Amino acid sequence: MANHSQFGFQDASSPIMEELVEFHDHALMTALAICSLVLYLLTLMLTEKLSSSTVDAQEIELVWTILPAIVLIMLALPSLQILYMMDEINEPDLTLKAIGHQWYWTYEYTDFKDLTFDSYMTPTADLPLGHFRLLEVDHRVVVPMESPVRVIVTADDVLHSWAVPSLGVKTDAIPGRLNQTSFIASRPGVFYGQCSEICGANHSFMPIVVESAPLANFESWSSLLSS
Amino acid sequence: MAGEGDSEPGKSFKLLGFLDVKNVPCARESVLYGSLGSLVMGLGHFVATSRVRRSCDVAVGGFICTMLGYWFYCRYNLAQQRIRQRMLKEGMKNRILFEGSYLDPGKEQTGSERSDS
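As they're listed, the protein sequences go chains Y and G. The numbers in the numbering used here rise by one with no breaks, and the one at position 220 of the first sequence is 220. Basically the numbering used here = 1-based index in the second sequence + 1000.
What the hints contain is simulated information worked out from the structure, not anything from laboratory work. As the structure is a prediction and not an experimental result, all values here were calculated from the model. Possibly wrong hints are sitting among the right ones.
To be verified - Calculated lysine to aspartate or glutamate pairs in the DMTMM-like style (CA-CA distance at most 25 Å, straight line):
1) 1022(G) <-> 138(Y)
2) 1014(G) <-> 146(Y)
3) 1089(G) <-> 93(Y)
4) 170(Y) <-> 138(Y)
5) 1093(G) <-> 211(Y)
6) 1093(G) <-> 19(Y)
7) 1014(G) <-> 93(Y)
8) 1089(G) <-> 11(Y)
9) 113(Y) <-> 126(Y)
10) 1089(G) <-> 219(Y)
11) 1089(G) <-> 1104(G)
12) 1014(G) <-> 18(Y)
13) 1093(G) <-> 219(Y)
14) 1022(G) <-> 111(Y)
15) 1089(G) <-> 138(Y)
16) 49(Y) <-> 1104(G)
17) 1093(G) <-> 18(Y)
18) 1014(G) <-> 138(Y)
19) 1093(G) <-> 11(Y)
20) 1093(G) <-> 146(Y)
Unchecked claim - Pair ranges (Cβ atoms, derived):
21) 34(Y) <-> 1039(G): 20 to 26 Å
22) 81(Y) <-> 1100(G): 20 to 26 Å
23) 1089(G) <-> 205(Y): 38 to 44 Å
Beta carbons are placed, not taken as given, at the ideal position from N, Cα and C, and that holds for glycine.
Model the full structure from these sequences, guided by the hints.
Here is the structure:
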């Protein structure tokens, strides 16, 4: 989860999020280079005397056409690579349905057993010591680690959005529509997210908690819940 | 994303207010090498030509080119290292899983001596 006053991304917990963070670093470095150049040119303009002796400027026009094209290519190529990587069909081991309601989530694991549960935010008054305010839920989404998981997201009433920043996932939940996303949790852990589409009075109070565990633990959890 | 040898992992230093050079891999080295390259090229040009304005232009150009050049080189090496780490991790996991079984790659040489397992 994010710390207070955190500005940057949370630590990546899926390969796609790692790629996104690397691309973000690359884009920021490009932005730094451009800003340095612009700052220098601004300083020059402010310290030079004005003159109107220029009548022909073929070279500079060539430079300020070619350079931005190169910058755009430098940004577009990795961006497109990640975009297509995110849409790869990778034969998920598990399919999970997330249904948004006002103001809680319902999860359905219907691959092997008919396992359905609701996930409500734990009220602050009932929060155990050391747990995170407005982020904890009564029933977490447990997924096996290092396995491709497909999530089908929809909503029952109004627009919601199922988002877990650490996994690099954000998918709109639209009534009457099934949206699909997938992720691989690279490591065991607990990953927090919040509803990301305004959905009423308690929009800020319907968090998402994904717990990634080794397969054996996932199996015993699902057996426990379905019995 | 912790920086290497960072004594205070929570602290960050943002260049121009947005690039966190402490916590982004390769960023600190890129900026430092860029500064060094800028100094060398700018001073070198000035010593050779005694033209101040053009030397400043060369210095800024040198900063950008050196910084971006080292950045791509460093990120490429980092990406290769990550791929090698992943392959190593996968290999170790498979080695543990298949050790002692007929799929164990270490048993290929003695495979012909065994008629049944």
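For this session: Take a quick look at whether residue 49(Y) and residue 1104(G) sit within 25 Å of each other, Cα to Cα.
Result: Since the Cα atoms of residue 49(Y) and residue 1104(G) sit roughly 77 Å apart, the hinted pair is violated (cutoff 25 Å).
Problem set entry | Pair hint residue 1093(G) and residue 211(Y), alpha-carbon separation not exceeding 25 Å | 22 Å, holds
Exercise. Are the Cα atoms of residue 1093(G) and residue 146(Y) separated by 25 Å or less?
Worked result: Holds: residue 1093(G) and residue 146(Y) sit about 12 Å apart, inside 25 Å.
Exercise. Does residue 1093(G) pair with residue 18(Y) here, judged by a C-alpha cut-off of 25 Å?
Worked result: 22 Å, holds
Exercise. Is it true that the CA of residue 1089(G) sits at most 25 Å from the CA of residue 11(Y)?
Worked result: OK: residue 1089(G) and residue 11(Y) at ~20 Å, within 25 Å.
For this session: Assess, step by step, whether the Cα of residue 1089(G) is no farther than 25 Å from the Cα of residue 219(Y), and give holds or violated.
Result: Within the cut-off at roughly 24 Å; holds.
Exercise. Range hint 20 to 26 Å: satisfied by the CB atoms of residue 81(Y) and residue 1100(G)?
Worked result: For residue 1100(G) against residue 81(Y), whose Cβ atoms are near 40 Å apart, the range 20 to 26 Å is violated.
Problem set entry | residue 1022(G) paired with residue 111(Y) [C-alpha distance capped at 25 Å] | Distance of about 45 Å is beyond 25 Å: violated.
For this session: Quickly compare the C-alpha distance for residue 1089(G) and residue 138(Y) to 25 Å and report which way the hint goes.
Result: Judged against 25 Å, a Cα distance of about 35 Å means the pair is violated.
Exercise. Residue 1014(G) and residue 146(Y): Cα distance at most 25 Å?
Worked result: 34 Å, violated
Exercise. Does the structure keep residue 1093(G) and residue 11(Y) at a Cα separation of 25 Å or less?
Worked result: Judged against 25 Å, a Cα distance of about 24 Å means the pair holds.
Exercise. Are the Cα positions of residue 1089(G) and residue 93(Y) separated by 25 Å at most?
Worked result: At roughly 21 Å apart (the allowed maximum being 25 Å), residue 93(Y) and residue 1089(G) satisfy the hint.
This entry does not satisfy hints 1, 2, 7, 9, 14, 15, 16, 18 and 22, going by the numbered hints stated previously.
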